[in-house]
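Enquirer: Below, each chain spelled out in residue letters.
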Amino acid sequence: MKTIQIEVVGTGCATCQRLHEITQRVAAEIGPEAVVTYVANQDGMRRLLALGLMQSPALVVNDKVAMIGFNPSTEKIKALILENV
Amino acid sequence: MDIFAPLQSAADWLAYSILSLQRGTMLGDTINFFVYESVKIVLLLLVINYIMAVIRHYLPIEKIRDFLQSRKWYGVDHLLAAGFGAITPFCSCSSIPLFVGFLGAGIPIGVTFSFLITSPLVNEAAIALFIGLFGLKITAFYIVAGVLIGVVGGLVLGRVNIKKHISSDILEMSKSAKTSGPNVPRDVFSRDLLVTWWNEGFTLTKKLLPYVLVGVGLGAAIHGFVPQNFFAQTLSSGAWWTVPLAAIVAVPLYSNAVAVIPIMQALVGVGVPFGTALAFMMATVGLSLPEALILKKAMSFKLLVAYFGVVTVGIIIIGYLFNLVMGSVNVIG
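Going line by line, the protein sequences match chains Z and A. Just so you know, the first sequence maps onto residues 1 to 85 in my numbering. Just so you know, the second sequence maps onto residues 1 to 333 in my numbering.
Hints are computed from structural coordinates only; laboratory data are not their basis. Only a predicted model underlies this, so the values are computations on that prediction, with no experimental measurement involved. Please note that the accuracy of each hint is not assured.
[Unchecked claim] Here are the simulated DMTMM-like cross-link-like pairs (lysine to aspartate or glutamate), alpha carbons at most 25 angstroms apart as the crow flies: (1) A:LYS296 <-> Z:GLU83; (2) A:LYS63 <-> Z:GLU21; (3) A:LYS163 <-> A:GLU291; (4) A:LYS207 <-> A:GLU291; (5) Z:LYS64 <-> A:GLU291.
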């Protein structure tokens, strides 16, 4: 079983925190192979810029940008994660 | 023809038949006004938020950056950046990554400012409310005014010495910023997208709903209970100091455009000159302390003050222009 590295990258704003919560729930549904990290504040900013992004938050799966901006739909997020594995 | 006529009939029916309030009484008319305006605004928000979700899908901010850095523009880029600022909804928590991303891409700082200034001033929610409350013509003037402040403000602020006034952290970060967009696969078109856009627009409208109700509620209260022409004497267009006062008082206030615009409309209804009310509204949504706190991380205090100063002056000038052109014309049919 290969782990799925999921990052929620953001500036630490309320929207980023919500995306992190939703992503954690989705990861629990996928199974133990899905690991979520929350990259926020200064580190989040650096990560965003290193990816060439200018919007917060972003969802990154195995180093690939899967989603830019916020989407509250758990199904959508789940689909995006599994697509990018 | 008024496409909202059926809505007015429905509001009449609710207020005067169902609630059996008297036509022409303060309470009856206030409730009628509240129902009609809030339903109208919510419908407009749904439409405009849908359109914005479509724009956001095809024109993400990363694409705008790529477009702006692709060639020499000789000043037209200010206009483009301000135009993009008007159509891209962006949350203030993105302003630093945006700022750094633009800088890193070699886009001049003045162009970045044009974008930053226009983005909160002219946004989808403000456009929806302006169409609903003031009609298309005034909405068009408003958009032009907001873009103009962005363009001129950006041109003025672009003369700043970046090394001196932008935080070294930010400059260092901007050097390591990747300056071409990641290839996030986006469907060109699919039926799912239609649903996604609707959901996005609906979620946004739902989030704005409480502000609409508070704003229209306060507006309705002013509309119903403050006598017409109450402000006409003290705040008539002749009193030159009212426009700067309205703008300066509003800078520390922070509110959503959705809540301020109905209040602004009600104030105009009771005799506040349009330009004065507009200056108040623009300064409330365009300049705010939370935004200042975020931007303080990126720039020197001096530049921040210059930024707020330039925008405030721009808003005051726009307020005067509107008062001058519109005079005592009654804008609310």
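Enquirer: Please go over all the hints and tell whether each is borne out by the structure.
Expert: Verification of the hints:
1. A:LYS296 <-> Z:GLU83: It is violated: about 39 angstroms lies between the C-alpha atoms, which goes past 25 angstroms.
2. A:LYS63 <-> Z:GLU21: Since the Cα atoms of LYS63 of chain A and GLU21 of chain Z sit roughly 29 angstroms apart, the hinted pair is violated (cutoff 25 angstroms).
3. A:LYS163 <-> A:GLU291: With Cα atoms ~22 angstroms apart, LYS163 of chain A and GLU291 of chain A stay inside 25 angstroms; holds.
4. A:LYS207 <-> A:GLU291: Holds: LYS207 of chain A and GLU291 of chain A sit about 20 angstroms apart, inside 25 angstroms.
5. Z:LYS64 <-> A:GLU291: With a Cα-Cα distance of about 31 angstroms, the restraint between LYS64 of chain Z and GLU291 of chain A is violated, given a limit of 25 angstroms.
Violated hints for the displayed structure, listed by number in ascending order: 1, 2, 5.
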